[in-house]
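Visitor: Chains V and L are the protein sequences, given in the same order.
Using our numbering, the letters of the first sequence correspond one by one to residues 1 to 65.
Using our numbering, the letters of the second sequence correspond one by one to residues 1 to 320.
No lab work stands behind these hints, which were simulated from the structure alone.
Keep in mind that this is a model prediction, so the values were computed, not measured.
A virtual CB, placed ideally from N, CA and C, is assigned to each residue, including glycine.
Each hint should be verified, as a subset may be incorrect.
Partner residues aside, some chain V positions facing chain L, computed with beta carbon under 10 angstroms [to be verified]:
#1 V35
#2 V38
#3 K41
#4 R42
#5 V59
#6 V61
#7 I62
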Amino acid sequence: METARITYRKRVLEVAAGMTVYSAIEKMGIDPSTVIAVRAKRVVNEQTILEAGDELKLVNVISGG
Amino acid sequence: MTRPPRPYMKCNLCGGLAIIRMPQHRLNLCEEHFDQWVLKMVQRAIERHSMFRPHERVLVAVSGGKDSLALWDILTRLGYQTEGVYIHLGITHEDYSDVSQAQVEAFAVERGLSYQVVDVGATYGQTVPDLRNTGRGKHLCAVCGLVKRHVMNRIAYEGGYDAIATGHQLDDEAAILLQNTLHWRAGYLQRQGPVLPSTHPRLARKVKPLCTLYERETAAYALMRGIEFVEQECPYAVRATSIFIKHILNQLENRSPGTKRQFYDGLVRGRASGELVFSAPDIDDEPALAPDDYQTCPRCGQPTLSPGLCAFCRLWEPAP
Ligand code: SF4
Ligand SMILES: [Zn+2]
Ligand SMILES: [Zn+2]
Numbered sequence: 001m002e003t004a005r006i007t008y009r010k011r012v013l014e015v016a017a018g019m020t021v022y023s024a025i026e027k028m029g030i031d032p033s034t035v036i037a038v039r040a041k042r043v044v045n046e047q048t049i050l051e052a053g054d055e056l057k058l059v060n061v062i063s064g065g
Numbered sequence: 001m002t003r004p005p006r007p008y009m010k011c012n013l014c015g016g017l018a019i020i021r022m023p024q025h026r027l028n029l030c031e032e033h034f035d036q037w038v039l040k041m042v043q044r045a046i047e048r049h050s051m052f053r054p055h056e057r058v059l060v061a062v063s064g065g066k067d068s069l070a071l072w073d074i075l076t077r078l079g080y081q082t083e084g085v086y087i088h089l090g091i092t093h094e095d096y097s098d099v100s101q102a103q104v105e106a107f108a109v110e111r112g113l114s115y116q117v118v119d120v121g122a123t124y125g126q127t128v129p130d131l132r133n134t135g136r137g138k139h140l141c142a143v144c145g146l147v148k149r150h151v152m153n154r155i156a157y158e159g160g161y162d163a164i165a166t167g168h169q170l171d172d173e174a175a176i177l178l179q180n181t182l183h184w185r186a187g188y189l190q191r192q193g194p195v196l197p198s199t200h201p202r203l204a205r206k207v208k209p210l211c212t213l214y215e216r217e218t219a220a221y222a223l224m225r226g227i228e229f230v231e232q233e234c235p236y237a238v239r240a241t242s243i244f245i246k247h248i249l250n251q252l253e254n255r256s257p258g259t260k261r262q263f264y265d266g267l268v269r270g271r272a273s274g275e276l277v278f279s280a281p282d283i284d285d286e287p288a289l290a291p292d293d294y295q296t297c298p299r300c301g302q303p304t305l306s307p308g309l310c311a312f313c314r315l316w317e318p319a320p
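Next up, chain L with everything else stripped away, as it sits in the complex (with noise of 0.2 angstroms):
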């Protein structure tokens, strides 16, 4: 069990004050060290990753939470070149994308940053939570996840990007990874990483520049900063297995500071060592071929794995 934290938390660094404890890296550190903490471990794994350099053009998915405008902020205090770009999945529940699209917006209005909105119901003709009854039986989270794949893919094509960073933090990765070991995913443990290289022109290489931090530490951060983000979960999320399994992962960490990291940087450094070695059945929308091997949709021109419509195009069939 976790204990009780001592009193007088000082930063290891200066003795100040110290706002965050992170038992992991047997760090307190007070507000400036922890800021300064955030930009170097983000810095770093850019680099050990190789993500994108300065020169290269970054495309950030932002969905208004906390993750990901800390990651704009990050990104765009370290220099690099950013836009913004926020999909409008149409849950209209509690307002949440309407909330969600107008948060992204003051964030970027304030800082003179530019981003784009891609609507899905006005683009499409279906909203995502309208596909509910197309979907195949699919959980709505995985269409939902479709959709954002493909929108990304293509507003980072059409505009030239030549990446796409999300913010899944190290808490995020940790639960994909629990929940792709629970299923022995193969195809799923061979990719997941800080990095997912561009096969394809129309496939853009995605990031995860944050994928060293707690999602505790993201939240710190943007707090700290004053970054307003919107703190209600979607509510598609409420019932997600993920938020299940992060506590699950919390308990352990709780008990054994660090699990969640190791956990992760077992997987990145055992498959580039090659010691862990899955093969790896290619998944759907997202093959990992080379560009010759893919077929293209007629109806998108992305590239797919089989004949005919990719699986996004698919999602907006009539059911059979």
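The following block holds chain V by itself, in its conformation from the complex (with noise of 0.2 angstroms):
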């Protein structure tokens, strides 16, 4: 199966490939509004579809203190 890798913080996961960024960052149980999905150093939307080979980086966005 050909598959696209994300990562958020020390968490990796692979999904299947023609997933959308928003299903994948669903898919790994964290609040779509709380992070910003990077691919290839590019700030990617939310609707773009995981091409096999992607690597996603997703960046949490919510600062505290």
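Mind assembling these two chains? They're in different frames, but the hints should get you there.
Guide: Rendered as structure tokens:
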């Protein structure tokens, strides 16, 4: 199966290619409003379709203190 | 619940590929238009709230995180006169303070911006975590806030800056507002806002130019601009109530976009119009009095409410 790899902090998840970024974020159990997705150093929108071999990084946007 | 986004997310301005969706503004924007939009939002906030003018000197408090570095980047691009200050708190867990300082330095050097570093441990003899033992039962973040405000006021006074700008965005402000409301802290509700005017020569004006942007937008801006920032949280923030409060506010926002904005704007507008009035008991280290009403701390010279040492200087005294 062709997959894309998603990282969030120290977690890594392989998902099937063809899925949207939005679904992938939900699949990780994350509220999509709390992250920004970056692929190849570019910010991508939630509707982006993941392609095989994509490396997607989710950056947490919630800071505390 | 949030509806999943529709396919082919287009920029509402040019039809190009959108990088961000902002349901609270009913706006999807591409890189170029998002960039312009952010600059416009910040410029508008600066003007609307008379934060500072182009000839004034602004001290930007930078932590190495996304918000403060995005702020510094934006203010520089808008042509304001800025200098940075990094306060090294002495947090050694995962080298947090050292890593953050390196991030700030790299940012400044790359752009030819000037900055200074205040090392709390080296300057005052104890780091912020050291103060946990003498903080008189205060939560470490409260001690930390007190230290940061004191240092910023001092640097601004010594350097003759007109204003201190911090990277607080709307999510920070909404979270603070919810906590202030839950505890009915009237003094804070009276004073929380985009600008805290100077009431004494040694208490600089405080401004929050990012107060109309959601945290997600400042993060997207920083990432889009290629700004390298510290993603790691302060180890003491992990348990902070503010993060929990932010998640709750985001759930409300997901259900009803614009909730966070309305909540904060309502306070600012209601107070400006006189509809909301809070009696405002003064706050320990930042009273809102006329200059003559202040006492002067015999040790540091900062204005304070009551005679004797100010709240900051009392931190360094051995516990009674
Ligand atoms: S989380 Fe608390 S201790 Fe850490 S920098 Fe923020 S206020 Fe200071
Ligand atoms: Zn566009
Ligand atoms: Zn003092």
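Visitor: A separate judgement is required for each hint: does it hold in the structure or not?
Guide: Evaluated hints:
1. For V35(V), the interface hint holds, since its Cβ comes within 10 angstroms of a Cβ in chain L; the closest pair sits about 8 angstroms apart.
2. Checking V38(V) against chain L by beta carbon gives a least distance of about 6 angstroms; that is within 10 angstroms, so the hint holds.
3. The interface hint given for K41(V) is met, as the beta carbon of that residue sits about 7 angstroms from the closest beta carbon of chain L, less than 10 angstroms.
4. For R42(V), the interface hint holds, the least distance from its beta-carbon to any beta-carbon of chain L being 8 angstroms, beneath 10 angstroms.
5. Because the smallest distance between the Cβ of V59(V) and any Cβ of chain L comes to about 6 angstroms, under 10 angstroms, the interface hint for this residue holds.
6. Restraint check, V61(V) versus chain L: the minimum CB separation of about 4 angstroms is within 10 angstroms; hint holds.
7. A distance limit of 10 angstroms between C-beta atoms decides the matter here; for I62(V) the minimum to chain L is near 5 angstroms, and the interface restraint holds.
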